[in-house]
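Going down the list, the protein sequences come from chains Z and B. Going by numbering that gives the first Met the number 0, the first sequence opens with residue 0, and the numbers climb by one from there. Going by numbering that gives the first Met the number 0, the second sequence opens with residue 0, and the numbers climb by one from there.
Keep in mind that the hints were calculated from the coordinates and are not lab data. All C-beta atoms, glycine included, are put in the ideal place defined by N, C-alpha and C. Be aware that one or more of the hints could be misleading.
What the hints assert, rightly or not - Beta-carbon label-pair distances, calculated as ranges:
#1 D276(B) to E80(Z): 52 to 62 Å
#2 M0(Z) to Q168(B): 50 to 60 Å
#3 N28(B) to K5(Z): 22 to 32 Å
#4 P363(B) to E27(Z): 28 to 38 Å
#5 N296(B) to E80(Z): 15 to 25 Å
#6 E23(Z) to R17(B): 22 to 32 Å
#7 K349(B) to K5(Z): 21 to 31 Å
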Amino acid sequence: MRKYTKDHEWALVEDDIAMVGISEHAVEELGDITFIEAPEIGATLSKGDSAGFVESVKAASDIYAPLSGEVTEVNTRLENEPETVNTEPLGEGWIYKMKLSDIGELDDLMSEEDYQKFLSTL
Amino acid sequence: MYNTVLNLKGLFMSELLRTSLYDEHKKLNARNVSFCGWEMPVQYESIIKEHDACRNNAALFDISHMGEFFFSGDITTSGVNESVTQDLIKLPVGKCKYGFLLNENGGIIDDLIIYKLSEDRLMFVVNAARREIDFKTIKSRLKSGDFKDKSFEISKIDIQGPNSKNILQKFISDNLDEFKYFGFKESLFDGFDCIVSRTGYTGELGFELYMANDKAKAVWKKLLDGGALPAGLGARDLLRLEMGYSLYGNELNEQTTPLEANLSMFVKFDTNFVGKDILIKQKEEGVKKIVLPFRTNSRRAPKHGNDIIQNGKVIGEVTSGAYSPSLGYGIGLGFFDTKKFDKSQKFEVKDTRGSIEVELDTLPFLKK
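From just these sequences and the hints, can you work out the full model?
Dropping the structure here:
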């Protein structure tokens with residue numbers, strides 16, 4: 000099940016591996032994305048750590064680790080086709096994968112439904 | 000993650016001015032921003048799509064926030080010619096010129112375009128944020144003549160792109176093939192008065208149209224139906240930066256002279272104008288800072304306000320920066336300290352997210 004943070008990242012967890020990206024709402028706000036700085040493979044991130052940033056034609060925004068763990072893979076397609084995040088933020092536009100160190104942290108994230116409720120309060 | 004984006008939205012939209020096309024933008028799902036006291040569309044669907052439409056087809060911009068002043072009187076004796084850096088006496092009727100309104104220190108109060116409507120009539124087109132100070136300043140320099148601010152009566156719509164002429168021609172009484180760059184005519188659009196000017200801020204073939212507010216909707220709709228894509232200020236900013244055109248508030252301000260802005264070609268030194276003595280002094284002694292163009296070697300974009308660093312020292316500041324969709328890399332303009340900057344050495348742009356390697360470039364960034 001996909002889970003969300005208040006910083007508009009999502010994590011899709013299978014076993015102890017989380018695939019991480021940014022939400023449709025974030026993409027909508029950012030506009031055309033032109034550059035993505037993903038974390039380095041092997042980097043150990045704690046939940047809430049800066050994990051890179053996204054530049055769009057309008058703005059630049061930091062991205063934060065939704066959970067704690069070690070980065071195992073980054074989406075290399077985004078190096079030359081960052082617009083994939085615009086077109087498929089929840090699919091092919093994933094940014095990196097991490098091996099989780101504490102699966103229990105998942106409980107702190109919002110469900111899709113809670114995230115939509117959260118968006119309506121912004 | 001998007002604090003920076005929220006800032007762009009402007010908090011007090013209700014206090015902002017709206018153009019005659021506000022409802023049209025709303026129908027097109029425009030995303031509005033606060034810009035120079037106006038609520039203006041920054042984008043409709045996608046800034047890059049709108050940019051591409053201008054480069055490859057035709058884009059339509061609502062630029063009604065800009066100001067228009069009208070002078071009538073004796074251009075030679077009224078003082079109007081000395082109020083700006085261009086020679087309005089020599090300027091032929093039917094032509095317009097880009098130039099500056101300077102303060103006594105040679106600092107740029109505004110950059111503007113002056114249209115010679117007839118031997119004794121001029122139109123000034125000025126930036127929205129500078130409209131009031133511009134009008135006051137020019138008025139104070141006039142000894143005679145009639146000078147009026149008609150900004151709130153006139154709408155301005157730009158159609159820009161290789162296909163702009165074909166789309167526009169259907170509605171214009173004059174033959175657009177006869178329009179030379181920086182030439183214009185008081186023409187008719189579907190029978191009503193419209194100034195048609197072969198100018199723009201994009202580097203493409205294009206036209207700027209001036210009409211009464213109540214005609215703006217008809218012009219807008221007809222040109223959209225003709226095949227132009229609505230484009231916002233986001234695309235306009237990218238397009239102008241790819242050409243290296245300056246933007247007031249970024250490269251240009253009251254603490255910067257045309258020489259420092261690297262735009263001395265728009266100053267006619269053989270005429271008299273306010274601020275001339277300072278500019279001549281700078282010409283002889285050199286300038287302390289100057290605007291230069293540079294590029295990155297990646298998709299990373301320099302951003303307005305970033306430091307420019309050489310050998311660990313701050314030697315300048317980025318005034319405009321963006322990722323160029325046409326070129327595939329980042330481009331920027333910035334002030335360089337002429338004493339500290341060594342052209343032969345490497346330099347970089349630095350923000351909170353790290354350094355970006357850059358190198359000097361030449362204008363326009365987008366060479367055709």
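Evaluated hints:
A C-beta distance of roughly 55 Å is found between D276(B) and E80(Z), which places it inside the suggested range of 52 to 62 Å. Range check, M0(Z) to Q168(B): Cβ separation about 57 Å, and the 50 to 60 Å hint holds. The hint said 22 to 32 Å for the Cβ distance between N28(B) and K5(Z), and at roughly 26 Å that hint holds. In this structure, P363(B) and E27(Z) meet the distance hint of 28 to 38 Å, their C-beta atoms being roughly 32 Å apart.
At roughly 18 Å, the beta-carbon separation of N296(B) and E80(Z) lies within the given 15 to 25 Å, and the hint holds. A hinted range of 22 to 32 Å for the beta carbons of E23(Z) and R17(B) is consistent with their spacing of about 29 Å. With their beta carbons about 29 Å apart, K349(B) and K5(Z) fall inside the hinted range of 21 to 31 Å.
Violated hints for the displayed structure: none, as all numbered hints are satisfied.
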